[in-house]
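Can you build the whole structure from these sequences, using the hints too?
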Amino acid sequence: MTYFVIFLGICFMLGVLAVASNPSPYYGVVGLVVASVMGCGWLVSLGVSFVSLALFLVYLGGMLVVFVYSVSLAADPYPEAWGDWRVVGYGLGFVLVVWMGVVLGGLVDFWKVGVVTVDGGGVSFARLDFSGVAVFYSCGVGLFLVAGWGLLLALFVVLELVRGLSRGAIRAV
Amino acid sequence: MNPHAKLICTVSLIMGTSITISSNHWILAWTGLEINTLAIIPLISKSHHPRAIEATIKYFLTQSTASALILFSSMTNAWSTGQWDITQLNHPTSCLMLTMAIAIKLGLVPFHFWFPEVLQGSSLITALLLSTLMKLPPITLLLLTSQSLNTTLLTLLAISSTLIGGWMGLNQTQTRKILAFSSISHLGWMIMIISYNPQLTILTFILYTIMTSTVFLSLAQIKVLKLSTLLISWTKTPMLNATVMLTLLSLAGLPPLTGFMPKWLIIQELTKQEMTPMATIITMLSLLSLFFYLRLAYHSTITLPPNSSNHMKLWRTNKTLNTPTAILTALSTTLLPLSPLIITML
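From first to last, the protein sequence lines stand for chains A and B. The first sequence lines up with residues 1 to 173 when you count with full-length UniProt numbering. The second sequence lines up with residues 1 to 346 when you count with full-length UniProt numbering.
It cannot be assumed that every hint is accurate.
[Claimed, not checked] Where chain A lies over chain B, by a calculated footprint (3+ residues, C-beta under 8 angstroms):
| no. | region |
| --- | --- |
| 1 | 36–46 |
| 2 | 207–220 |
[What the hints assert, rightly or not] With beta-carbon atoms standing in for the labels, derived distance ranges:
| no. | chain 1 | residue 1 | chain 2 | residue 2 | range |
| --- | --- | --- | --- | --- | --- |
| 3 | B | I125 | A | L155 | 18 to 26 angstroms |
| 4 | A | L159 | B | T173 | 34 to 42 angstroms |
| 5 | B | I21 | A | L151 | 16 to 24 angstroms |
| 6 | A | V66 | B | S339 | 51 to 59 angstroms |
| 7 | B | F113 | A | L159 | 24 to 32 angstroms |
| 8 | B | Q88 | A | F144 | 20 to 28 angstroms |
| 9 | B | H48 | A | S70 | 18 to 26 angstroms |
| 10 | A | Y78 | B | I206 | 56 to 64 angstroms |
| 11 | B | N90 | A | F144 | 25 to 33 angstroms |
| 12 | A | L14 | B | V11 | 39 to 47 angstroms |
| 13 | A | L155 | B | I21 | 24 to 32 angstroms |
[Claimed, not checked] Derived contacts from chain B toward chain A, CB cut-off under 8 angstroms, selection only:
| no. | residue |
| --- | --- |
| 14 | N24 |
| 15 | L28 |
| 16 | P256 |
No lab work stands behind these hints: they were computed from the structure. All of these numbers come straight from a predicted model, not from anything done at the bench. Using N, Cα and C, we set each Cβ at its ideal position, and we do this for glycine too.
Given below as structure tokens:
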């Protein structure tokens, strides 16, 4: 089981590397998909299965779909994939930085962040985050309203920034 | 700007600030900071000039990085201590990361590079909001955690902020950039004293807000964006130029004006804490900023600019009544005799 979680972690980093090495968006989105799938698996291994499901649905089913639609409208004549030298250079640079960080810092020994802890909460782990969602809608409704307003505000801000065809912030360059 | 968008942005700014300064939980504090960042983005970019758009992007990127660091620091602390209370930040990595994150948010050296350019890209009133209202939530978080933070690091940030704020402001001709560097150097004074007497930080912040608001509002009334415009603005409202001079000297910290009060009390507290060399250094470094305040004051009150004589008299006047500026000017020049009362209120 431990090896499976480590495998998930390695694939997560590889997915993030695939995105961060700046290929064209068509190839970068593959990295995003891989990273989010591995991240969801990681969350399940920690015991919060409902949050993992919510992340899957919203991220892959919502945000990535919108991203793919908008990217398909702005086509690149010569998209850079992972075979091009520029992308390979970025990838090697990031690998080097992370390797240095791990070698110099160490992970658990230096930071003493500790191992995965589990609070008792019932027979199965899945109950913990269900009850969290219930609290969010009942006692914690203040935070629910604040979070909802924050999301709505993000929408309004984006609309305000791109308002006006050539007068807006995103002009046709 | 569209009135509905402006209303949503203004309400969200007030809401975000209130949420952060009244929160006990890190997640709520972070939410308030994010709402503030989102809400001020359209206000910075409202003129749709490329410089304004660049300023917006710079502001967004730096503030988002800082918010992510705040989230990391609170999560590390929650992982190791099991609680999310803002005042109980005990993990050393969390304290370090939080100090750096707040330094980025406030614009302390060495994370100050975004601040003058963002202020230059926004209008004068938006620059006022960025210098005063947007500094309140991060300073609140720093005040709440000030007992756990590393004193040496805070002192280092403070001295270098005062140094860079004074030194870099010397070669500026644009008033918004000058006020940006003045803000950086005042923040240095605030951070200097936060480990020893956080009440003095609150006092410095309130007085700095009053004085900076006065300057920004006065400059907005005469629409002065650079030194050369300040030179010939006395014909529009001569009285306002005189009060701008007094307010600038108050910002510089000269007695008998209000701005002397925080500096005096901070030097007294530092001396009591056996930090006399630091007190001397920070006072000497404020002399650098005194130079550009004096230059601004000189430009605002000079009545013989190098113009021909038919430019001296302005017969088309557009004098609007501006009560907030008047009240703030009175506060920012005459509060020093009330210092005994204010000290007992701390």
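Could one say that the CB atoms of Y78(A) and I206(B) fall in the range 56 to 64 angstroms? Holds, at about 57 angstroms.
Could you check if N24(B) really has its C-beta closer than 8 angstroms to a C-beta on chain A? 12 angstroms, violated
Tell me if the beta carbons of V66(A) and S339(B) are separated by a distance inside 51 to 59 angstroms. 58 angstroms, holds
Taking the CB of L159(A) and the CB of T173(B), does the distance hold inside 34 to 42 angstroms? At 37 angstroms between Cβs, range holds.
Is the shortest C-beta separation between P256(B) and chain A less than 8 angstroms? At 45 angstroms from the nearest chain A Cβ, P256(B) fails the 8 angstroms test, so the hint is violated.
Restraint: L28(B) near chain A, CB-CB cut 8 angstroms. Satisfied or not? 7 angstroms, holds
Pairwise beta carbon distance, Q88(B) to F144(A), judged against the given window 20 to 28 angstroms: 25 angstroms, holds
Honestly, do N90(B) and F144(A) meet the 25 to 33 angstroms range at C-beta? 30 angstroms, holds
Just tell me: holds or violated, for the beta carbon distance of L14(A) and V11(B) against 39 to 47 angstroms? Cβ of L14(A) to Cβ of V11(B): about 44 angstroms, so the range 39 to 47 angstroms holds.
How does the Cβ-Cβ distance of L155(A) and I21(B) compare with 24 to 32 angstroms: does it lie in that range? 25 angstroms, holds
Do the Cβ positions of I21(B) and L151(A) conform to the proposed distance bound of 16 to 24 angstroms? About 22 angstroms separates the Cβ atoms of I21(B) and L151(A), which means 16 to 24 angstroms holds.
For the hint 18 to 26 angstroms, verify it against the beta carbon of H48(B) and that of S70(A). 22 angstroms, holds
Hint check: violations occur at hints 2, 14, 16; the rest are consistent with the structure.
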